[in-house]
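Engineer: Now for the letters of each chain:
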Amino acid sequence: MIGDQVWLLFWTLIKIVAIVLPLIIVVAYLTYAERRVIGFMQGRMGPNRVGLFGFKLWGLAQPFADTVKLLLKEIIFPANANKFLFLMAPVITLATAFAAWAVVPFSDGLVLADINAGLVYILAMTSLGVYGVIIAGWASNSKYALLGALRSAAQIVSYEIAMGFALVGVLIASGSLNLSEIVNSQSGGIGSWFFIPLFPLFIIYFISGVAETNRAPFDVAEGESEIVAGFHVEYSGAAFALFFLGEYANMIMISALTAIMFMGGWLSPFTGDSLIAQPSILWFFMKTGFFLLLYLWFRATFPRYRYDQIMRLGWKIFIPITIVWIMVVAVIKVYKPEWIGG
Amino acid sequence: MRPENYQAVPLGDSNEYEIFIGPNHPGIEGNYALKLILDGDTVVKGTTDAGYLHRGFEKLMEGRLWIQNLAIVPRICVPDPAPMEVSYSLAVEEIMGIDAPIRAQWIRVLQLELSRIAAHLFTFGGHAATTGMYTPMYWGVADRDLVLDLFEDFTGGRVYSIYNIPGGVRRELPEGFLEKLSHLLDYLESRQNDYDNLLFTNQIFVQRAKGVGVLSKEDALEYGVTGPNLRACGLAFDVRRDDPYLIYDQLEFDIPTQQKGDAWSRILVRRDELFQSIHILRQVIAKLPSIKGPIRTAIPNPLSWNVPAGEAYARVESSKGELAYYVVSDGGDKPYRVHVRGPSSMHAVQTLEFLAKGARIEDVAQIMFSLDACPPEVDR
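First to last, the sequence lines map onto chains A and B.
For the first sequence, our numbering begins at 206 and goes up steadily by one.
For the second sequence, our numbering begins at 47 and goes up steadily by one.
These are calculated hints, taken from the structure and not from any lab test.
Warning: the hint list may mix true and false statements.
[As the list claims (entries may be wrong)] Derived lysine to any residue pairs resembling SDA-like cross-links, with alpha carbons at most 20 Å apart:
1) A:Lys348 / B:Tyr63
2) A:Lys348 / B:Ala79
3) A:Lys348 / B:Asp87
4) B:Lys338 / B:Pro220
5) B:Lys256 / A:Met516
6) B:Lys256 / A:Gln514
7) A:Lys348 / B:Thr93
8) A:Lys348 / B:Lys91
9) B:Lys256 / A:Leu518
When you get a sec, could you build the whole thing from the sequences and use the hints?
Structural biologist: Next comes the structure, spelled out in structure tokens:
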């Protein structure tokens with residue numbers, strides 16, 4: 206019996222490593238893709254020099270060079286900073302960003318923890334991430350950082366509500382909090398995916414997700430032209446790298462969740478028996494990649510919203526729309542259940 | 047940990063606090079500093095702190111020969127150097143009582159308008175970058191580079207062309223230059239659609255820029271605001287039309303204006319001006335081949351060149367506003383006094399302080415860039 210439990214522990218650890226290691230590599234290459242894609246949109250090259258063994262390889266070794274550089278740099282503590290909190294903040298950000306991945310189903314049955322409260326767990330983890338930002342802003346003992354942290358906190362809390370309401374719509378439509386079951390209730394080709402009946406919620410969920418990860422056009426927490434880099438202005442070296450890792454892991458997380466909740470996760474858009482109609486993890490990766498591309502596209506073409514405009518958008522537009530659409534979905538669910546996946 | 051001379055600013059019981067923007071800050075154009083007193087997100091008081099780029103240009107010019115100063119003047123404003131050369135040359139010509147030949151005047155107009163296009167392309171991008179959108183900056187700088195290539199072609203210098211000389215211009219245009227210029231203008235016009243889609247119809251940018259840094263016509267006149275900033279307040283004042291110099295009275299062009307006086311009006315005026323400059327350059331291309339003659343009036347040996355005693359005030363319309371040189375000569379081989387009336391000292395000091403008051407902190411950088419101030423010109 207003991208042997209079984211030890212084996213279970215080992216097996217879980219192996220699965221965790223099998224999720225976290227590829228995730229870190231994807232984060233690394235997301236930064237590379239971001240610089241290349243935005244470089245392409247802005248009419249320049251992006252990183253294309255750092256390679257291995259004298260080969261340029263289109264700059265594919267750039268993320269590793271950056272990582273090594275960041276890890277080798279000194280972590281500078283600002284004067285009168287609270288060192289414990291200063292170091293805890295990036296750890297909290299990273300831990301919550303990674304912990305949320307525990308319930309994400311990559312394919313049918315390919316999930317670390319297939320728990321029934323998966324959706325609630327994800328909301329809890331992404332909400333906890335705001336503590337990392339607030340603590341970073343407070344512990345840095347810098348006005349720029351504190352301003353950025355306060356903005357970020359208000360923004361994340363506001364958009365959490367719109368995001369939560371959007372997910373309530375998914376919950377009503379699928380009748381489950383388990384992410385695998387949410388995907389399975391969308392089976393039947395592209396017409397059964399939730400983004401059609403829940404279209405406003407789909408848009409609002411993704412935009413709120415962009416706001417929640419502090420990315421353009423909602424990056425007031427880092428507002429470069431006024432508070433330089435916001436909450437992580439005083440961070441350097443490995444501590445900064447953790448923030449970076451957490452931010453990009455969250456981006457991938459939001460993209461993956463949008464794919465799972467609204468775009469049918471690993472399901473194929475086609476119906477029938479052909480090879481292309483089979484559910485596959487590749488579909489999941491393609492959908493996630495599409496939303497990640499949207500993130501980069503936003504950053505290249507949108508300016509930053511002003512803080513008061515962000516608040517107005519969140520409270521006066523998104524939340525009312527989600528509330529109304531939840532009612533619509535509820536009514537459809539009662540009277541015409543076949544419209545939303547049975 | 048704190049510097050020896052550090053002293054906290056006494057702010058009493060109020061909720062106000064002080065924050066520094068600059069001299070090294072991503073939201074600031076050049077080395078320039080702002081000290082803001084904030085209440086929450088709102089600026090209670092903004093104080094500008096110029097002088098980080100002070101190189102004493104005006105004093106330097108008193109110690110150099112008349113001809114040597116031509117290499118100093120363009121450095122006063124890096125993004126738009128051509129009006130500096132032309133204005134200085136015009137002032138010296140006025141003291142000497144000579145005029146540049148007609149052909150030289152047309153070439154000077156060509157140089158001035160090309161420089162205006164380069165400066166405006168630069169400003170669009172800077173303004174967009176302060177709102178967090180960097181793509182127009184890269185596009186603008188890339189397109190400006192094509193203009194700089196043309197400058198290299200006909201003056202030899204990309205940024206500091208040092209092409210003018212009192213009495214004319216230094217070189218004839220190279221072979222086939224006007225065709226190249228014509229191609230560039232076609233290209234820039236074809237880019238209009240791209241810029242409109244990316245920047246001028248971008249709803250988030252419109253929301254960010256509208257109603258920011260509103261300057262009324264009365265305030266603008268009181269603070270000595272000129273150029274596109276004044277025209278954005280609804281007053282169509284342009285030195286090129288109201289006090290014509292060179293051959294601007296023979297050219298046809300509109301003076302774009304807007305009524306609101308906010309950052310959005312200012313960037314729209316610049317956008318329209320860019321296309322007016324293209325319009326002017328097309329007229330120059332059509333007319334220039336038919337104007338023959340010398341490009342320079344003979345001046346004495348520059349090393350022993352005494353400008354007769356006298357004084358002159360020559361003003362031109364630069365991309366930032368009215369630019370003027372006041373030159374006094376005591377009959378020696380060096381100027382007695384050169385004063386630069388740069389538009390930026392009006393825009394970046396008093397107007398910026400006035401507009402920053404009551405603005406949100408996010409908008410301060412945008413206000414500064416929308417005024418298109420040029421810090422080295424403030425510190426001349």
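Engineer: State for each hint whether it applies.
Structural biologist: Here's how the hints hold up against the structure:
1. The straight-line distance between the Cα atoms of Lys348 (chain A) and Tyr63 (chain B) is roughly 9 Å, inside the 20 Å bound, and the hint therefore holds.
2. Restraint check for Lys348 (chain A) and Ala79 (chain B): satisfied, since their Cα atoms lie roughly 17 Å apart, inside the 20 Å limit.
3. Pair hint Lys348 (chain A) plus Asp87 (chain B) holds up; C-alpha atoms about 12 Å apart against a cutoff of 20 Å.
4. The straight-line distance between the Cα atoms of Lys338 (chain B) and Pro220 (chain B) is roughly 15 Å, inside the 20 Å bound, and the hint therefore holds.
5. Distance check on the hinted pair: Lys256 (chain B) and Met516 (chain A) sit about 18 Å apart at the alpha-carbon level, within 20 Å; holds.
6. Our distance criterion of 20 Å between C-alpha atoms is met by Lys256 (chain B) and Gln514 (chain A), whose separation comes to about 12 Å.
7. The suggested pairing of Lys348 (chain A) with Thr93 (chain B) holds, with an alpha-carbon distance near 18 Å, which does not exceed 20 Å.
8. Taking the CA atoms of Lys348 (chain A) and Lys91 (chain B), the gap is near 17 Å; set against the 20 Å cutoff, the hint holds.
9. This hinted pair checks out: Lys256 (chain B) and Leu518 (chain A) have alpha carbons roughly 17 Å apart, not beyond 20 Å.
Consistency note: the structure conflicts with none of the earlier hints.
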